[in-house]
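Q: So you can see what is in the structure, the chains are spelled out below.
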Amino acid sequence: MLYDMKPWQWVKHVVFHPTEGFEDMRWKKAGSLKIAFFIVFLLFASQVFSSRYGGFAYNTRAYSDIFNIVPILVQSVAYYATWVVANWSLCTLFDGEGNMRRVAIYSAYALVPYIVGNFLSTAISYGLTLDESIWYNAIYLVGLWWSVILMVFGMKACHQYNFTVTIVTMICTVLGMLIILVLLALIMSLFQQVYVFFATIYTEILYRVRS
Amino acid sequence: MKIKKLLCVLVAVVAAATLMCTAVSAVDPYTTYNYDAWWNAVPSQAGYEVIDTADSTRIGLSQLADPESEFFISENEPTTMSDMKDFFFADNGDIYICDTGNNRIIKTDINFNLLACYKYFPGSTSKHTVTDEEGNTVEVDADELKAPYGIFVDHDGEMYIADRDNQRIVRCVEETKTSARILTEYYRPESALYDTQSFYCTKVVVDSAKNVYVICPAVNKGAIMFSEAGSFLGFYGANRVEVTATVIRNRIWRKIASDSQLASIERATPVEYANFDIDDEGFIYTVTEVANTTTDAVKKLNPAGYNILERTADNDSFGDQVSITYNGTTYATRLTDISISDDHFINILDYTSGRVFQYDERCNQLLICGFDQEEQRGGFNNPNAIETYDDKIYVLDGRNCDITVFGLTEFGRYVHEAIALHNEGLYEEAYDIWQEVLKRDGGYYMALIGTAKALYNQDDYKGAIKYSKLSFDADEYDRAFEANRQETLRNNFTLYVIIILIIIVILVIIKILKKKGKIPQKLIATGVGKIAEGGKKIISNIVASTKKGGKK
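From first to last, the protein sequence lines are chains A and B.
As numbered in the working numbering, residues 5 to 215 make up the first sequence, in order.
As numbered in the working numbering, residues 73 to 624 make up the second sequence, in order.
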């Protein structure tokens, strides 16, 4: 049977068959959430790798001591999570057929070329001079755009849209992500104030009790 | 117990060592520092140390009020200097000090022995209206100075004095020990171009063609330029306007505002510069004092008035890199004077911190000395002017009323020697000296760059890579890396070719065998499968063991 594949073989199939792969996967109800989360972890790892390693001339920042993992965590895991949530909540309103599990799996599978490109470009920057940076950029950009194309077809297959609607919903999803992130930041700052309020009360009581 | 004892001994030894170290290295009362590749201040060796301080007594100003002396002016002549604004070193090392508060010029030799004190300046063409004791207005010769703010002495020994409150520049030569004869006076230009009413000149510089350049703080079009005869030639080398958010906003408003609104929008005008100096090649260097300007803070002007300062450093600011707010006051760098030494080092005096920042001709930060605690030697209260002679730096303090002399330390001498060779491109010759510098300050930025360049020229690419990494110079690294890669490729060419050939042959063989069906699909599958199964077992074992461990 042609489409009788193991879960990790599906990843390969999807990546190398951008237009058909996701439809096949949907038809076979394949795709594993475990692998999806592993891919997201790899995304995070690839971003850490590209910011901490690389040829000296390409990434001098990697050789200084200052490194903050929080922005990278936000740029990978948090962006992915908000993307999934925003896309699902939007597409349920837009008559999309995908459920959240499917959105999560298809989005994650689409990220594979970007991750590979990220790892590869960082790795080859060890052997390149600045004059040859075109190779570095080429590998990175090919990975990036491959992922974008995969993402479009993935969402198309996931929600059974036509092409235009897919593009529109994806743009709306990005706007939705922005709104979610702003709200999150707002809630966090509010909760911090609440926390400070209770902390002050606590210390105040402590002083009274002691004196 | 033994460990405790050992620890105690260790701690004692370390403490004693640090104490001894501080006792030995306590040359300066302040921590000397320098900037690293990220423009962070890091402790460094002292490049300069205070070797002399000269005040009024040292110069022997009491002779001015002593009738026996040849320098006698009058019984009431002040015997101390007051609020000196400027001083100048003539070619032979004679020092001319503008004693601004006492309206006189003091001339000493290089060892601060009094040579002359010019109080009277006969030969003026202008008259002053003065109210005498009976209330009448009388006209008198303007034969005395009124707040001389700046002085310059040209190669012929002619003095040019910016006589601020008389609103003139005086050009004069020595007549007696107490007076100088005026040759020419330069007044406010009677030109439509010059639209400022006053001519409160503060600084003056003369080039080799005897053109006179004057700074008036009220004029922001640049320096005012006179010919030798005293005619107005024009303005020279104005600063540009610094582009800030306010400037851009006003520019946009200007397009849409009505005429009456336009009048209320403040105009963007450049900042006038505070001081200048001329080097022996005739280039004029200017500094701008206003805090936080980065545009045109330091300029090197060619005769056409264009800035030709060569920047290799990628930062834009001179002086201290950060401003400090302490007790509600912000202390930011205020560049008040500049002096170009004979070996083309740029020395800039920071009024706020009392520090002297030394750069080479390409604006690489070299050494920093001085500080703002006036009670101590080498500290300043009101540092007004800086000059260089030989390899020494002289700083004039207007409130302490003294001149402080900074001499090079061994470290500073090494830095100067090495940077001179470095800037001529003699990297290999500079190498040994940079090593001496690195022995004393292992993080000295220019030394790391210099070592990297020298090693590159000596074809030691691995060393060049190491030092360019230390100095965070990506371009230098790239050069060394490319050369190193080429070298390794060339040396091991056969090896690489053989490896590649072997890989290709193996791949081809596998493909052929596959095509012929000699390797059954199952064999490949089982091989992969076995490895995968083995991996699974190991992982599950590990998982099981950790779980067990957790339960315990």
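Just so you know, these hints were derived from the structure itself, not from any lab.
Please note: incorrect hints may appear among the correct ones.
Stated by the list, open to error - Some residues of chain B that are not near chain A, with every Cβ distance over 10 Å (derived):
| no. | residue |
| --- | --- |
| 1 | T250 |
| 2 | R253 |
| 3 | A310 |
| 4 | W325 |
| 5 | T341 |
| 6 | T401 |
| 7 | Y423 |
| 8 | Y461 |
| 9 | D531 |
| 10 | S540 |
| 11 | A546 |
| 12 | R557 |
As the list claims (entries may be wrong) - With a straight-line Cα cutoff of 20 Å, these simulated EDC-like cross-link-like pairs (lysine to aspartate or glutamate) come out:
| no. | chain 1 | residue 1 | chain 2 | residue 2 |
| --- | --- | --- | --- | --- |
| 13 | A | K10 | B | D368 |
| 14 | B | K538 | A | D69 |
| 15 | B | K249 | B | D267 |
| 16 | B | K293 | B | D228 |
| 17 | B | K541 | A | D135 |
| 18 | A | K38 | B | E605 |
| 19 | B | K541 | A | D28 |
| 20 | B | K218 | B | D331 |
| 21 | B | K282 | B | D352 |
Said to hold, decoys possible - Label pairs and their computed distance ranges (CB to CB):
| no. | chain 1 | residue 1 | chain 2 | residue 2 | range |
| --- | --- | --- | --- | --- | --- |
| 22 | B | I611 | A | M9 | 39 to 45 Å |
| 23 | A | G131 | B | T566 | 54 to 60 Å |
| 24 | A | D69 | B | E482 | 41 to 47 Å |
Using N, Cα and C, we set each Cβ at its ideal position, and we do this for glycine too.
Q: Does each hint fit the structure? Answer for all of them.
A: A quick look at each hint next to the structure:
1. T250: holds (63 Å)
2. R253: Since the minimum Cβ distance to chain A is about 63 Å, B:R253 lies beyond 10 Å and the statement holds.
3. A310: holds (38 Å)
4. W325: holds (31 Å)
5. T341: Per Cβ check, B:T341 is outside 10 Å of chain A; nearest 39 Å; holds.
6. T401: holds (30 Å)
7. Y423: Answer for B:Y423: holds, closest chain A Cβ roughly 33 Å.
8. Y461: With a cut-off of 10 Å, B:Y461 remains clear of chain A, as the shortest Cβ separation is near 41 Å.
9. D531: holds (17 Å)
10. S540: At roughly 8 Å from the nearest Cβ of chain A, B:S540 sits no farther out than 10 Å, so the non-interface label is violated.
11. A546: violated (5 Å)
12. R557: Label violated. Min Cβ-Cβ 7 Å, cutoff 10 Å.
13. A:K10 <-> B:D368: violated (67 Å)
14. B:K538 <-> A:D69: With Cα atoms ~17 Å apart, B:K538 and A:D69 stay inside 20 Å; holds.
15. B:K249 <-> B:D267: It is violated: about 39 Å lies between the C-alpha atoms, which goes past 20 Å.
16. B:K293 <-> B:D228: Between B:K293 and B:D228 the Cα gap is close to 30 Å, so the pair fails against 20 Å, i.e. violated.
17. B:K541 <-> A:D135: holds (18 Å)
18. A:K38 <-> B:E605: holds (19 Å)
19. B:K541 <-> A:D28: violated (51 Å)
20. B:K218 <-> B:D331: violated (43 Å)
21. B:K282 <-> B:D352: Since the Cα atoms of B:K282 and B:D352 sit roughly 14 Å apart, the hinted pair holds (cutoff 20 Å).
22. B:I611 <-> A:M9: 39 to 45 Å: Violated, since B:I611 and A:M9 (Cβ atoms, about 22 Å apart) do not stay within the stated range.
23. A:G131 <-> B:T566: 54 to 60 Å: Cβ of A:G131 to Cβ of B:T566: about 20 Å, so the range 54 to 60 Å is violated.
24. A:D69 <-> B:E482: 41 to 47 Å: violated (31 Å)
Consistency note: the structure conflicts with the earlier hints numbered 10, 11, 12, 13, 15, 16, 19, 20, 22, 23 and 24.
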